[in-house]
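Enquirer: Read off the chains here:
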Amino acid sequence: MRSFSVFIITIALLGVSAVTTAFLNMHYEKKAIKQIQTMKDNKGFAVVELFTSEGCSSCPPADELLESIQRDNKNKELYLLAFHVDYWDHQGWKDRFSDHAYTERQLQYVNWLRLSTAYTPQIVVNGSAEYIGSSQGEVLKAISAGLSQQSNNTLTLNGRISGNELAVTYDGAGADKKTELVLALVQRSAHSNVKGGENTGRQLTHVQVVRQLREVDINSKKAITLDLPNDFDKNSFELVGFVQDKRDGHITAAARAVLE
Amino acid sequence: MKSIFAFIGALLLHFTASSQILQPVTWSYAAKKTSATTATVFIKATLQDGWHIYAQEMKGAGPVKTSFTFTPAASFQLKGQVTAPAPLTKYEKAFDTDVNYYEHSVIFQQNIQLTGGKATVKGAVAYMICSNLQCLPPATKEFSIPIN
Numbered sequence: 001m002r003s004f005s006v007f008i009i010t011i012a013l014l015g016v017s018a019v020t021t022a023f024l025n026m027h028y029e030k031k032a033i034k035q036i037q038t039m040k041d042n043k044g045f046a047v048v049e050l051f052t053s054e055g056c057s058s059c060p061p062a063d064e065l066l067e068s069i070q071r072d073n074k075n076k077e078l079y080l081l082a083f084h085v086d087y088w089d090h091q092g093w094k095d096r097f098s099d100h101a102y103t104e105r106q107l108q109y110v111n112w113l114r115l116s117t118a119y120t121p122q123i124v125v126n127g128s129a130e131y132i133g134s135s136q137g138e139v140l141k142a143i144s145a146g147l148s149q150q151s152n153n154t155l156t157l158n159g160r161i162s163g164n165e166l167a168v169t170y171d172g173a174g175a176d177k178k179t180e181l182v183l184a185l186v187q188r189s190a191h192s193n194v195k196g197g198e199n200t201g202r203q204l205t206h207v208q209v210v211r212q213l214r215e216v217d218i219n220s221k222k223a224i225t226l227d228l229p230n231d232f233d234k235n236s237f238e239l240v241g242f243v244q245d246k247r248d249g250h251i252t253a254a255a256r257a258v259l260e
Numbered sequence: 001m002k003s004i005f006a007f008i009g010a011l012l013l014h015f016t017a018s019s020q021i022l023q024p025v026t027w028s029y030a031a032k033k034t035s036a037t038t039a040t041v042f043i044k045a046t047l048q049d050g051w052h053i054y055a056q057e058m059k060g061a062g063p064v065k066t067s068f069t070f071t072p073a074a075s076f077q078l079k080g081q082v083t084a085p086a087p088l089t090k091y092e093k094a095f096d097t098d099v100n101y102y103e104h105s106v107i108f109q110q111n112i113q114l115t116g117g118k119a120t121v122k123g124a125v126a127y128m129i130c131s132n133l134q135c136l137p138p139a140t141k142e143f144s145i146p147i148n
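Those protein sequences? They're chains B and S, same order as listed. Counting along the first sequence from 1, when you hit position 215 you're at 215 in this note's numbering, and nothing is skipped either side. Counting along the second sequence from 1, when you hit position 142 you're at 142 in this note's numbering, and nothing is skipped either side.
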């Protein structure tokens with residue numbers, strides 16, 4: 001009888017400890033997100049690239065993490081990008097935000113970061129480290145480290161809307177031949193109506209969806225114009241640009257354009 | 001004594017090296033003659049703990065189903081479809097539907113009608129695997145299974 005009571009008490013204590021740990025983790029992570037969002041003395045920046053897809057069962061927690069970082073964010077040095085890769089698209093299923101260019105970009109990271117394979121969900125921070133997209137603790141730590149790291153970020157971006165096009169100009173990207181400027185037109189909040197298969201009619205919501213991606217040769221003097229999507233609206237889109245080392249993928253500067 | 005350390009060292013090195021390569025599935029093949037003119041080929045997926053592969057049949061749209069293609073040859077003909085044991089089923093939030101899958105290992109079987117005494121069954125299996133944390137891109141594995 002006594003050993004039974006001890007057993008019950010032990011189980012109860014273990015339960016309480018598990019719940020407490022989970023609660024503390026949640027509390028800690030909420031606090032960590034808040035800290036990142038309100039950091040005032042940023043020395044650096046954090047470019048957070050999520051590779052995800054509607055066709056991947058392990059992706060929703062990573063999408064939710066990105067959403068919780070985006071919600072109420074006040075930190076202008078935090079750049080969030082969700083790339084929907086196209087390798088999950090197949091007959092009867094297509095992620096309408098997917099693009100093969102985003103898959104190519106992820107494969108470039110496989111090469112840069114010397115990984116054995118691509119996978120989703122994956123988060124890359126400042127082009128230099130990658131994490132499983134739902135590993136909240138590690139991702140937040142990397143973002144915080146990026147924001148605290150001193151950088152010589154002098155990049156500025158400008159986007160002028162003209163009809164269905166966006167003319168982009170930039171300054172302060174340097175003239176290093178080993179780097180390029182990457183431009184991403186991002187939709188802050190997007191809804192998707194699933195039109196295929198059993199999920200017809202289902203609504204999916206995403207944040208910070210990359211709708212256009214362009215790699216620009218910094219030394220080229222050519223004018224840059226991006227085609228705007230049909231559902232473009234200047235209040236719900238942003239243009240993000242960053243300077244990336246073509247040899248190892250490291251991101252050395254980042255900026256957001258005012259769209260006018 | 002030295003050799004024990006060397007052995008442990010080699011073992012540790014092996015674990016470190018293998019932990020960096022994500023290879024949650026291995027494929028193996030076998031064939032068995034069931035009569036003078038018939039045979040069955042077995043295609044087995046062995047999965048690491050925590051990973052699953054999707055079944056051939058799925059009610060809803062979403063994950064990539066496991067599918068087989070066989071290269072036609074004069075030496076054999078396929079008898080029926082690829083069969084497999086009953087899969088596990090669970091609700092997957094990402095697709096808002098039930099999905100069919102296998103954990104640990106699964107053996108797919110295809111019956112063959114031989115035209116001669118010997119044949120080599122060639123083909124490929126296309127599949128997608130996931131754990132609760134990540135999914136690997138859809139992959140294709142080619143096979144060549146001799147029947148003697």
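Be aware that a few hints might be false.
Said to hold, decoys possible - The calculated PhoX-like cross-link candidates involving lysine-lysine, where the alpha carbons are at most 20 Å apart (straight line), are:
| no. | chain 1 | residue 1 | chain 2 | residue 2 |
| --- | --- | --- | --- | --- |
| 1 | B | K177 | B | K246 |
| 2 | S | K79 | S | K59 |
| 3 | B | K177 | B | K222 |
| 4 | S | K122 | S | K79 |
| 5 | B | K94 | S | K93 |
| 6 | B | K222 | B | K234 |
| 7 | B | K94 | S | K79 |
| 8 | S | K65 | B | K94 |
| 9 | B | K246 | B | K221 |
Hint data in this document are derived by calculation from the structure and do not stem from the laboratory.
Enquirer: Would you pick out the hints that fail for this structure and give their numbers low to high?
Expert: 2, 6 and 7
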